[in-house]
Structure formats: C-alpha cells, structure tokens
Amino acid sequence: MEEYQGVWVFIEQSEGEIAGVSLELLGAGRQLADKLEVPLAGVLLGEKVRELSTQVIGHGADIVYLIDDPVLKYYRTESYMKCVNNLALKYRPEIFLYGATPNGKDLASAVATDLSTGLTADTTMLDVDVEKRLLEASRPAFGGNIMATILCKKNRPQMATVRPKVMKALPFDGVRIGEVVEEMIELSEEDMRTKVLEIVKNVTKAASLADAHVIVCGGKGMGDLEGFELIHELADTIGASVGGTRDVIEAGWLPHELQIGQTGETVTPKIYFAIGLSGAIQHVVGMKNSELIIAINKDPNAPIFEAATYGIVGDAFEVVPKLIEQFKQIRVKQGGEVSYV
Amino acid sequence: MHIVVCVKQVPDTKIIKINPKTNTLDRRSAPAILNPYDAHAVQEAVRLKSILGRGKISVLSMGPPQATEVIKKCIEIGADEGYLISDRAFAGADTLATSYALSKALEKIASVDPIDLVICGKHAIDGDTGQVGPGIARRLDIPPVTNVIEVSEVNSNDRTIVIKRKLSNGYELVQANMPCLLTVEKEINKIEYSPLSNMLKAARYKSHIWSVSDLGEVNITQLGLKGSPTVVGKMFTPPKLEGGKMLDGTSDEQVSQLMEVLLEQKELLNVK
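Quick note, the sequences are listed as chains C and F, same order. In terms of UniProt numbering, the first sequence opens at residue 1 and continues consecutively. In terms of UniProt numbering, the second sequence opens at residue 1 and continues consecutively.
The hints are simulated quantities; they were obtained by calculation from the structure and are not laboratory data. Glycine included, each C-beta is placed from N, C-alpha and C at the ideal position.
A short list of chain C residues far from chain F (calculated; beta carbon distances all over 10 Å):
| # | residue |
| --- | --- |
| 1 | G6 |
| 2 | D62 |
| 3 | I63 |
| 4 | P70 |
| 5 | F172 |
| 6 | R176 |
| 7 | E179 |
| 8 | S188 |
The calculated lysine-lysine pairs, modelled on DSS-like cross-linking and capped at a C-alpha distance of 27 Å, are:
| # | chain 1 | residue 1 | chain 2 | residue 2 |
| --- | --- | --- | --- | --- |
| 9 | C | K220 | F | K17 |
| 10 | C | K201 | F | K190 |
| 11 | F | K17 | C | K298 |
| 12 | F | K186 | C | K201 |
| 13 | F | K240 | C | K298 |
| 14 | C | K154 | F | K226 |
| 15 | C | K90 | C | K48 |
| 16 | C | K328 | F | K245 |
| 17 | C | K195 | F | K186 |
| 18 | C | K220 | F | K245 |
| 19 | C | K154 | F | K234 |
| 20 | F | K240 | C | K35 |
| 21 | F | K186 | C | K165 |
| 22 | F | K245 | C | K322 |
| 23 | C | K48 | F | K164 |
| 24 | C | K90 | C | K154 |
| 25 | C | K270 | F | K240 |
| 26 | C | K168 | F | K234 |
| 27 | F | K186 | F | K56 |
| 28 | F | K49 | C | K195 |
| 29 | C | K201 | F | K164 |
| 30 | C | K168 | F | K240 |
| 31 | C | K165 | F | K245 |
| 32 | C | K35 | F | K234 |
| 33 | C | K195 | F | K164 |
| 34 | F | K234 | C | K132 |
| 35 | F | K72 | F | K206 |
| 36 | F | K245 | C | K298 |
Based on the sequences and whatever the hints tell you, model everything.
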C-alpha cells in the first residue's frame, strides 16, 4: 500500500466555472496532505479548461492532473470515470475526495466500483490518522441522529464525497507555484452511450435557497400546513427564502427542493431562522455554518439551541406574529420597505 | 420491455431510536418499510409500462427472509415478479459488496429475460449513500443516469431514452442508450392508489428467493462483510456546539430583544 501516496481532489467544473465545493475540498485536502507530508493534487477534466489550473493551484494544490478534450465538454459518467480511473491507476493517490453533488456522487460511485475500493458518502468531517495513514471520514448516520466515522483500511485510494459548504476554501494565492501534468484520453464521441442534449440552469428553487442571504426554516412544530403559513408570512415580511426540515417535506408542506439538511440543501445564509424544529443532527449539518442563527422552540432542551446564536424558548405562534408586527411597524414608521440585502 | 427495479427494506428512520449508551440502533423501535424512493422507482416502472402498453416489471431485493414483505408492497404498486436474494453470506455488505451481489442476481434474471432498464431509488433512507445504483451500472457495464426527475421519452425502436436529470443548479436533458440504469428522485411521480386486483395479488404473492448457490458463478470473497472495504470506526454524537444567548422574559420582551439584535446587523439590514 506504500506505493499509494498523495491526496487528490476532483475539480468539478461546468462551462469553465469551478464548483465552490471543489475549492472547499482543496482547503480541506491541503490540511490532510500537510499532516501526511504528501502533495495535494486536483483532477481537472473538461473542454478548454486548461486556464482553470491557475485557480486550482492558487487554492492550495501542488499538482494539477489535466485532461482537456472535446468529449469531456459535459459531465458524463462514462467518459469522466474512464479518465479518473486511468489517472488513479497510473499515479496512485492514497486519498481521493469529491464534492457530494449530483455529479460528484455519481462519478465517485462509479470509480469506487471500478477501482474496487471503499467510498464514504456525504462526509461532513474529515481527518487522518497519520500513523496508520487512514482517512477518517465522518457523516451523520441512521437518519441523521448520530455520527459514524467510516474507515477503509485495506483498499486504496480511500475515497469520500464531502458535503458542500462544510469545509473552508483557502483564499486565492496568485503566487503559489504548482505543476500541471497533462494526460490524453482515447475516447471518441461514437463510443459514448449517453448524450447531454441540454443544460437548464438555475430553475429550481433550491438554487435560490443556496444563494439566499436570509432563510426562514420551519419544522414539524408548526403543526400542519395551515400552521406552516406563519413561516411563509415571516419570510414574506422580511424578504427571506423559505426552507423546511425533512419532516416538513415528507408531510408535503413544502416541495422537495426546499429541504434543508443532510439529504437536502446545505445552506450558509447570513441570517437563519429555525422555528418549530428540534435540530436533529441531520438538519444541523445543513445549516450550522450560517452566520446568525435564531432559534424559536417551545422545548428548552431542543438541540437547535446549541447551534443557535440567539434562542427563544417560546411558542412560535405567539412569538412570530409579534415579530412580524414589529417589522410592519418599522415599515410604517420609515414609510418604506424593510428588506435584507 | 423488461424493467427491473431494485428495492430495499429499511427501518423507518423517522421513528427509529438510538440507544444512547451503546450508540447502536434499536431496530425494534422502528417498523420496516419499503424505502420511499424505491416506491417511486416502482411507480415509474408502472407508469412506463402503461404508456408503452406492454412490458414486464420485476423487482429485486437483498435482505433477510422478511424482506419479502417489501416485495409484496411492490406487487401492490404494480410489479409483476419479485426476487429476493437472501443468504448469510450477504450480511454486513457495504455499497461495493451490495452492488456486486445485486448485479449477479440481475445477470441471472437477464439470462432468462433480457433487461432493458434498471431503476433504483436515489438512495435508501437508512444509509443515504446513493452509491449502489451507479455501482450496479458499472458492474453490468450499462450507462447510469442518476438523480432522474422525469423520464421524458422512451423510444423502443432505436432503444434510447430521454431523461431529465437534476443538477446542483438546474437540470439537464440526457439521452441514453438502453439498457441503462436510472436512479430516481421522489419528485418523479406521485404514488398512485393501487387497484384492488393488485392488492389481492400481493397478498397471495410468493417471491422467488435465491441464496448464493442459486446465483451461478460468484466470487464469495466479494460478498458481505468480506467483500466490504469500508468499516465503521466509531459512532459518536457530534461535539456539542457552544450554543448562544437565550433571550428570556415575556414574549414581548423576547421579541424586542430579538429586534435589537436584528436591527444591529446594519450590514445585513436595509431599511429604505
């Protein structure tokens, strides 16, 4: 196993733009690589993506493995997997991280199968046991009420997909020096069994949730669909986006794309209202990096108060209408709109 | 058209409890159900079959003998046949070993009746990994299309399928050659009420149950615990977050303190 060395990050890009999670993983990967005293590499695939190497190096990589080919214009499991497999077999990384995005998870699952190695899904904490050179990939388990650390002791590379917005990217360093290793791939369009016909961007509400500066999230404590209206009302009043916990989505009070948590969206708004939700681990991992968290819950022991910046123990149906009223009064006094930027 | 849907029996994670002393699942605390995403996968197969006007739907599961209960549920939704692979040798499988075992069973099913389409749920709610579907596709060497929110077209003549696939910031339209494998999101369809005839069929249905020895040539070192590269190192409750300031008093006092906090955030708040 000693011939496997180095930490790799798959650099996900779409139309020349690197996904945020890939830069976050370069930040996390840098720490792992430093602990293990090995280089950090980014794997960059696509068409006309050569110049993105500067960004990959500037955000912490020592090496960029680059394959630039028209057949890689769009992400497709088969073409990308073939490239990644070839690179991994040739250069043998010991750790290989991917963003837990639809494409990152798809690719990692296929690669793990072909390389016959272990893959941990949707990791939210990463560390290494330096002595044993073991990746410790932790994630919420069993519906998200507990964390499990997953190890891959005998197979290499040790692979994990990592949730977006839980790791921190390093600031761009324009003078960092790295090496670009360019490889070729023998793949022709005729060999491909799938074709991307069209990409439609930013049409789902989830995209707006991920970008929102203020989010009001409700839980099953809102009682029913009618009770949940209060969440919409507060959001409308302050110009926020609405999200819900898994229970809320399963009850059908909100569409799937507005779920916040481990199996939904991870969000990091500037202000996050958590109302009538207890704060199960699987929810908290999806919102705990928000800047200002305000929790309102009847139960003083609800775990959400541990994640909150400010907590109010109280009945949402009493507190929230008063909050809405306060904002409305400001609006009347100022003769204008209250809105968050 | 032969569609095979892979399904899993899972504990209902909404209800399940964890023993705080041992950090293990109290499986008795939760009823076993058909993984909700898999129900949508079966429903989609039923929808495609009815649109095409012909076809056969088989379901495949791996698990203990009582997992035949979820196969019955699939028959109720509209599946025609159900297969369960059940053997101690499969126990303790991670996603790599699971996709291997299921792919062996799929090969056996296909040897009698070739498969055009495999459908899986996006992930199972007890593991939340989403890794088994693409793994099966690799082992069968068919293209996987994950996170499907709509099957837009099925062209039986040129054997292609057009799919809407969810992305981080939108969706893409993908055309895939059949056979291929889809993993579906819940929004792909609504679970329909089953006709009475399906329920009657389900109640009487006897699943095909296969052990390892029924699967033909199988490398047993790739099965179960032995074939699983990942292990659980430890279970823990995450480090407690510090928690913030509690705003006390009557609800009026709480709200006025909160307003103070919110209005303090000058850079966030824009009072026009």
